[in-house]
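**Q** Single-letter residue listing:
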Amino acid sequence: MRRGIAIAAALLLLALPWLLHAVLPANQAGFWTGNILGRALVFGIIAMSLTFLATYGGFVSLAQMMIAGVAGYTLAIFVEGAVPRIVGGAGYALAIPLGVLAATLMGLLVGAIAVRTRDIYLLMITLSLSMGVFRFVETNITWFNGYEGIRNVVGPSLWGLDFRNPWVFYHVTLGTAVLLFAGVMYLVRSPFGLVLQGIRDNPRRVAALGYNVALHRIAAFGVAGFIAGCGGVLATIYNIGISPGTIGLGATVNVLIMAVIGGLGHPVGAFLGSFIFTVFDTFAATVYDRDRFNTLIGIVFLVIVLASPDGVLGVGTRLRRLLGRRAADK
Amino acid sequence: MGANDRMELAATIVLNGLTLAALYFIVASGFSLIFGLMRVVNMAHGTLYLVAGYVGYAVFEPLYDQDLWWAWYAGLAAGVLAAAVFGALLQQLLLGWMQGQELRQALVTIGISIIAADQILAIYGGNPRQFFAPDAIFGSTQVPLVGGYPTFRLVQIGVAVAVGVALWLLLNRTRLGMMIRAGVDDREMLGACGVNVPLVGVAVFALGAALCGLGGVIGSTAQPLAMGQDGRFLLISLVVVIVGGMGSVTGTAVGAILVGLAEQLGQAMFPTYSVVLTFVMMVAVLALRPQGILGRA
Numbered sequence: 001m002r003r004g005i006a007i008a009a010a011l012l013l014l015a016l017p018w019l020l021h022a023v024l025p026a027n028q029a030g031f032w033t034g035n036i037l038g039r040a041l042v043f044g045i046i047a048m049s050l051t052f053l054a055t056y057g058g059f060v061s062l063a064q065m066m067i068a069g070v071a072g073y074t075l076a077i078f079v080e081g082a083v084p085r086i087v088g089g090a091g092y093a094l095a096i097p098l099g100v101l102a103a104t105l106m107g108l109l110v111g112a113i114a115v116r117t118r119d120i121y122l123l124m125i126t127l128s129l130s131m132g133v134f135r136f137v138e139t140n141i142t143w144f145n146g147y148e149g150i151r152n153v154v155g156p157s158l159w160g161l162d163f164r165n166p167w168v169f170y171h172v173t174l175g176t177a178v179l180l181f182a183g184v185m186y187l188v189r190s191p192f193g194l195v196l197q198g199i200r201d202n203p204r205r206v207a208a209l210g211y212n213v214a215l216h217r218i219a220a221f222g223v224a225g226f227i228a229g230c231g232g233v234l235a236t237i238y239n240i241g242i243s244p245g246t247i248g249l250g251a252t253v254n255v256l257i258m259a260v261i262g263g264l265g266h267p268v269g270a271f272l273g274s275f276i277f278t279v280f281d282t283f284a285a286t287v288y289d290r291d292r293f294n295t296l297i298g299i300v301f302l303v304i305v306l307a308s309p310d311g312v313l314g315v316g317t318r319l320r321r322l323l324g325r326r327a328a329d330k
Numbered sequence: 001m002g003a004n005d006r007m008e009l010a011a012t013i014v015l016n017g018l019t020l021a022a023l024y025f026i027v028a029s030g031f032s033l034i035f036g037l038m039r040v041v042n043m044a045h046g047t048l049y050l051v052a053g054y055v056g057y058a059v060f061e062p063l064y065d066q067d068l069w070w071a072w073y074a075g076l077a078a079g080v081l082a083a084a085v086f087g088a089l090l091q092q093l094l095l096g097w098m099q100g101q102e103l104r105q106a107l108v109t110i111g112i113s114i115i116a117a118d119q120i121l122a123i124y125g126g127n128p129r130q131f132f133a134p135d136a137i138f139g140s141t142q143v144p145l146v147g148g149y150p151t152f153r154l155v156q157i158g159v160a161v162a163v164g165v166a167l168w169l170l171l172n173r174t175r176l177g178m179m180i181r182a183g184v185d186d187r188e189m190l191g192a193c194g195v196n197v198p199l200v201g202v203a204v205f206a207l208g209a210a211l212c213g214l215g216g217v218i219g220s221t222a223q224p225l226a227m228g229q230d231g232r233f234l235l236i237s238l239v240v241v242i243v244g245g246m247g248s249v250t251g252t253a254v255g256a257i258l259v260g261l262a263e264q265l266g267q268a269m270f271p272t273y274s275v276v277l278t279f280v281m282m283v284a285v286l287a288l289r290p291q292g293i294l295g296r297a
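Protein sequence lines correspond, in order, to chains A and B.
Position 330 (the first sequence) corresponds to 330 in my numbering; numbering is contiguous.
Position 32 (the second sequence) corresponds to 32 in my numbering; numbering is contiguous.
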């Protein structure tokens, strides 16, 4: 039954742009497809890399946005047409895999640095690492063009379909998100995923069984780096470039907010959270005050953490349990 | 450049590093104190810096316009008090009842820091501001080897040393200090001995926040106060405490000196890559001694 729900959800998401087109005027349908759904999916992918680590490894890493940024910067540095030209010369077919590879390597590196730490220590160390990269990128002109960043990463054209078309962008992003999501769901049932969950619950026992705990942890960060890298490439194309602000403290915390609002209990929470975040971000002006978006999202975040630490997903589970108990009482 | 000039330059860089380290120590000691007893990673620590700076400035400015000599001291007192109250309320209202859920507490303080920074921006606007030090500690002083050096920066070092000594005395020579040290080792036992542990918690939080507030006003006298400083000082507190060792006053001092010197030396020797030096140091410490240089395993 669960597989049925998943397939139905995927089909609905696939058809959503056409449904929106039928309900909304053309320009609004395009806006919803590209700037809300597309953007929510892109950041959902990045948030899912955090949710994957948190749910199955117990690691709340604040380095995921920085790792996504590594992919974005690598793409922007190598791809032809980016302004200013840092290395250039590569087509998207080469620059995109390079970006994802760089992010995977950065993920492995972060995992190796943080390998002996847990919980809040891990949180502190990953945050410091990403802020270190942020400040380095911001002050380095030669490789990253400093504060201004690199512009004009427009994205490829696939068989005559331009990436700047919101429908094309949405479907490519949706495809990537579905593949990565399915990959995560497969991975956590594989022997590797089971060992990872064993490490989360009791690292000593897993080590006593003969597994190399450190290596599994580092590998999990590598997988999360790959996921974040895919998101980073898409985010860079969505933003037509990348600047240090993309990986600053605000952006880093935003990814955490998305993951926590959605719920750290299941990877699908990342997409729920990023959708809620994006809707708030877009419509904050009508709810409260455009400039006070941070207060609004901060309050939502705080309420979630105080009332339902397992996010919106947790609210759903609790309601179902409550209703189930009522039904059982009758 | 003569040998004498080079000597002078080196001494200036070291002294700059130490003044920076002094500020970092004042701010990070509060972070370390809170972490040591409460096991709370206070992600709103940088926010306390902002709160102290802006509230202090709101008190300072009208008094300064009237040319009152104690304007700065009033601003300092107001800033420190505001931070202490903010910290005590944070612990009392939000963090106290989820003691033990460390990650959730860290998330709560992240939420608070987002809201508070945004509200400070709404109330005070985005313009940077800077305190003017009172005449008594303004101007420059002759320092051997260096020559003329801003007096206020030397005061900064003096305040840091005083904070360090006072903290050591408080922790090692007073009843409150005894309770705090006992609480670090075993909270439950301390409670069983009849000590009101939640009250000690609020006191520690207020004290740690007050230290950050002290750093906030002093730091905003030495350099402009602006939005974004919260992130900077949170990051510095994290790195100092990771390098020096969690929850140890001496460790925090060692961490602050290393980070301050690394920053100034880096800027003098290889400006574009200076940031990297601090983080390479952090990674090296983590690889060799994950608990920090003076941290307990």
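Hint data in this document are derived by calculation from the structure and do not stem from the laboratory.
Since the model is a prediction, treat every value here as computed from it, not as a measurement.
Any given hint could be a false lead.
To be verified - Derived DEER-like restraints, expressed as beta-carbon distance ranges: (1) A:ILE5 to B:GLY100: 32 to 40 Å; (2) A:LEU306 to B:ARG296: 29 to 37 Å; (3) A:LEU158 to B:GLN99: 47 to 55 Å; (4) A:ASP162 to B:ARG296: 54 to 62 Å; (5) B:PHE132 to A:GLY91: 56 to 64 Å; (6) B:VAL161 to A:GLY265: 48 to 56 Å; (7) A:VAL315 to B:ARG296: 38 to 46 Å.
The C-beta atom is built at its ideal place from N, Cα and C for all residues, glycine as well.
**Q** None of the hints should be skipped; say for each whether it holds.
**A** Status of the hints after comparison with the structure:
no., hint, verdict
1, A:ILE5 to B:GLY100: 32 to 40 Å, "holds (36 Å)"
2, A:LEU306 to B:ARG296: 29 to 37 Å, "holds (32 Å)"
3, A:LEU158 to B:GLN99: 47 to 55 Å, "holds (54 Å)"
4, A:ASP162 to B:ARG296: 54 to 62 Å, "holds (59 Å)"
5, B:PHE132 to A:GLY91: 56 to 64 Å, "holds (57 Å)"
6, B:VAL161 to A:GLY265: 48 to 56 Å, "holds (49 Å)"
7, A:VAL315 to B:ARG296: 38 to 46 Å, "holds (40 Å)"
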